[in-house]
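Number of protein chains: 2
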Amino acid sequence: MRNPLSVAVVGATGAVGNEFLRLFETRNLPISNLRLLASERSAGKTLKFKGADLTVEEARPDSFEGVDLAFFSAGASRSKALAPYAVASGALVVDNSSAFRMDPSVPLVVPEINAETVLPNSRLIAVPNCTAIILTMAIHPLRKLGQIRRLIVSTYQSASGGGAAMMRLLEEETAAVLQGGEPPASKLNTRYAFNLFSHNTPVGPDGANEEESKVVLETRKILGMPELGVNVTCVRVPVLRAHSESVTVEFGGPAPDLEEVREALEAAEGVRVIDDRERNRFPTPLDASGQGDVLAGRIRHDPSNPNALCLFIAGDQLLKGAALNAVQIAESILARTPALVGK
Amino acid sequence: MRNPLSVAVVGATGAVGNEFLRLFETRNLPISNLRLLASERSAGKTLKFKGADLTVEEARPDSFEGVDLAFFSAGASRSKALAPYAVASGALVVDNSSAFRMDPSVPLVVPEINAETVLPNSRLIAVPNCTAIILTMAIHPLRKLGQIRRLIVSTYQSASGGGAAMMRLLEEETAAVLQGGEPPASKLNTRYAFNLFSHNTPVGPDGANEEESKVVLETRKILGMPELGVNVTCVRVPVLRAHSESVTVEFGGPAPDLEEVREALEAAEGVRVIDDRERNRFPTPLDASGQGDVLAGRIRHDPSNPNALCLFIAGDQLLKGAALNAVQIAESILARTPALVGK
Chain A
202 MRNPLSVAVV GATGAVGNEF LRLFETRNLP ISNLRLLASE RSAGKTLKFK GADLTVEEAR
262 PDSFEGVDLA FFSAGASRSK ALAPYAVASG ALVVDNSSAF RMDPSVPLVV PEINAETVLP
322 NSRLIAVPNC TAIILTMAIH PLRKLGQIRR LIVSTYQSAS GGGAAMMRLL EEETAAVLQG
382 GEPPASKLNT RYAFNLFSHN TPVGPDGANE EESKVVLETR KILGMPELGV NVTCVRVPVL
442 RAHSESVTVE FGGPAPDLEE VREALEAAEG VRVIDDRERN RFPTPLDASG QGDVLAGRIR
502 HDPSNPNALC LFIAGDQLLK GAALNAVQIA ESILARTPAL VGK
Chain B
202 MRNPLSVAVV GATGAVGNEF LRLFETRNLP ISNLRLLASE RSAGKTLKFK GADLTVEEAR
262 PDSFEGVDLA FFSAGASRSK ALAPYAVASG ALVVDNSSAF RMDPSVPLVV PEINAETVLP
322 NSRLIAVPNC TAIILTMAIH PLRKLGQIRR LIVSTYQSAS GGGAAMMRLL EEETAAVLQG
382 GEPPASKLNT RYAFNLFSHN TPVGPDGANE EESKVVLETR KILGMPELGV NVTCVRVPVL
442 RAHSESVTVE FGGPAPDLEE VREALEAAEG VRVIDDRERN RFPTPLDASG QGDVLAGRIR
502 HDPSNPNALC LFIAGDQLLK GAALNAVQIA ESILARTPAL VGK
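Protein chains in written order, with the numbering used here: chain A, 202 to 544; chain B, 202 to 544.
Since the hints were derived computationally from the structure, they do not count as laboratory data. You may find that some hints are simply not true.
Repeated chains share a single entry, so a pair holds when one copy, or any two copies, can fit it.
Dumping the calculated SDA-like pairs for lysine to any residue here, alpha-carbon to alpha-carbon at most 25 Å [what the hints assert, rightly or not]: (1) Lys345 <-> Gly493; (2) Lys388 <-> Leu441; (3) Lys345 <-> Glu317; (4) Lys249 <-> Gly381; (5) Lys281 <-> Leu459; (6) Lys388 <-> Asn481; (7) Lys281 <-> Gly454.
Every value quoted in this text rests on a predicted model; they were computed, and no experiment measured them.
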């Protein structure tokens, strides 16, 4: 048996950080010591873990001494600044940020899809963008049914993608509107309550916002399909914590039989089918909230293209879209290549 | 000058009915007499019109004597039951319901697009489904730029599509959730507050729900393009009163220049472009609420198909999606073929 691990979480006080703590209590990661790290502002706070109070420390270059496994979820600039120190200290880093995802030397991993891209010399593994994880979880099982050429995706993304602050903003604005008022201006450029808006990341010269560019590039990298066509429109909706996606999948030939599609999705680890036409029950973000599985339904042919089919999917952005996928990466490495972690 | 008209509204107490009254106060329809009709349950209520109280009467077969113009917005079964009596009484009927839309002898009209389909013997004009109106308003102006072959649409539909009762349900459930409770079960099969769901109309054997089938068939009829490919996924989101749509438009050849697309949309009557990449400002349902125009933006090429482009659009479901389009139909007939209305 291996020795239990010394684990650090950078960004412990955030929405994803909170999910890490809950997952460590219930999953099988062998943890001997847990170090909670965050910005200077949050240092000194205490967080509950297995009934005890753990004190949050400031994340600094020297915070990783003796750490075997470090989960980063504090934004790309924090990861860029500190992950190299964690690696230099001997920790295996699992990074939730976008900082290293498209680095060709960094595996971008959804364990159910491409655990084998972790190499014997990998010291840093990137967790993909939440929308890309949820999408690829539903697309990967369909690859055995035909050659997929193109995905057309419109998203319904929740507040949790903007962290705990955006979830609070949505609740506060909604309360103000229900009381008949107009909420004060926020850092968003439009009201969020009972409204939706194009994803609030900068828009590039091709008209895609950063979220959309991430989904295009990361989906191709996760699936190992550099030529895959991806058309994605990312929209933020007034939902608290799970992302939904309306997806059209185009194949190189006639779309597969729907019963085969359903069977492939039902057989896929981490995917659950909700597709009850009679009761009109299909995945909702509320169904997905707090669940590890990605939900898939509305399985039907595309009436405008015999080579295409449609799906509607939902997944918890904080769990499979972030913390759970990161923990599964660590678990998968411990199961496959334990020498990568710890002494 | 023509004589002012005797006008009836069937469904006067509903969400669309309320918009009719407000529009009659501000638009140029010459009204001498206004008869407000509704179900037996609502008879006796009073509604404000130009400062006066008008009493609602029960809509019955004999309610249309002397009526020149009757607007119906009380559901398909009410229209089926009563519109023939209104026509027999000599009224021109403008029907917001789905009852007669696909009848080949009934014009299905968005005045900016196909006012000419109203014929000298037309006695009943159908107002299309709200999602189809908003969609065709943005698609029609692009037809001069190339042959459109296929539309791929995912909708973000508001509560108002389910009437005043669904708007109230959304507000009440949201208030309950914000107070930390779980709202009681509604006639929907899932919670609406901070959630979204596949459109709550019955699903057919092809997997499309009724709303989606309407959008496919009505879009083709409005545009006069029976071969147009339409792939649509209709989703209800927790927004109060305007519908949004993420649209991919595929042409028979290379997609037009984006500047031409923008100019075509800006030049189209009833369409307003909101497309500010630098400030990340694009149409939102809140922008569209209370506005007559359909808003269009996120104009960009589809990176997965050189023949396609993408748009995001929003329109007020109760106005251009219903009451305003109906009033515009009447205005357009008065301007083009006044002999159709009144004595």
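Here's how the hints hold up against the structure:
no., hint, result
1, Lys345 <-> Gly493, "within (24 Å within a copy, 48 Å between copies)"
2, Lys388 <-> Leu441, "both (18 Å within a copy, 22 Å between copies)"
3, Lys345 <-> Glu317, "within (18 Å within a copy, 51 Å between copies)"
4, Lys249 <-> Gly381, "between (38 Å within a copy, 22 Å between copies)"
5, Lys281 <-> Leu459, "neither (44 Å within a copy, 37 Å between copies)"
6, Lys388 <-> Asn481, "between (38 Å within a copy, 12 Å between copies)"
7, Lys281 <-> Gly454, "neither (43 Å within a copy, 44 Å between copies)"
Checked against the numbered hints given earlier, the structure breaks hints 5 and 7 and satisfies all the rest.
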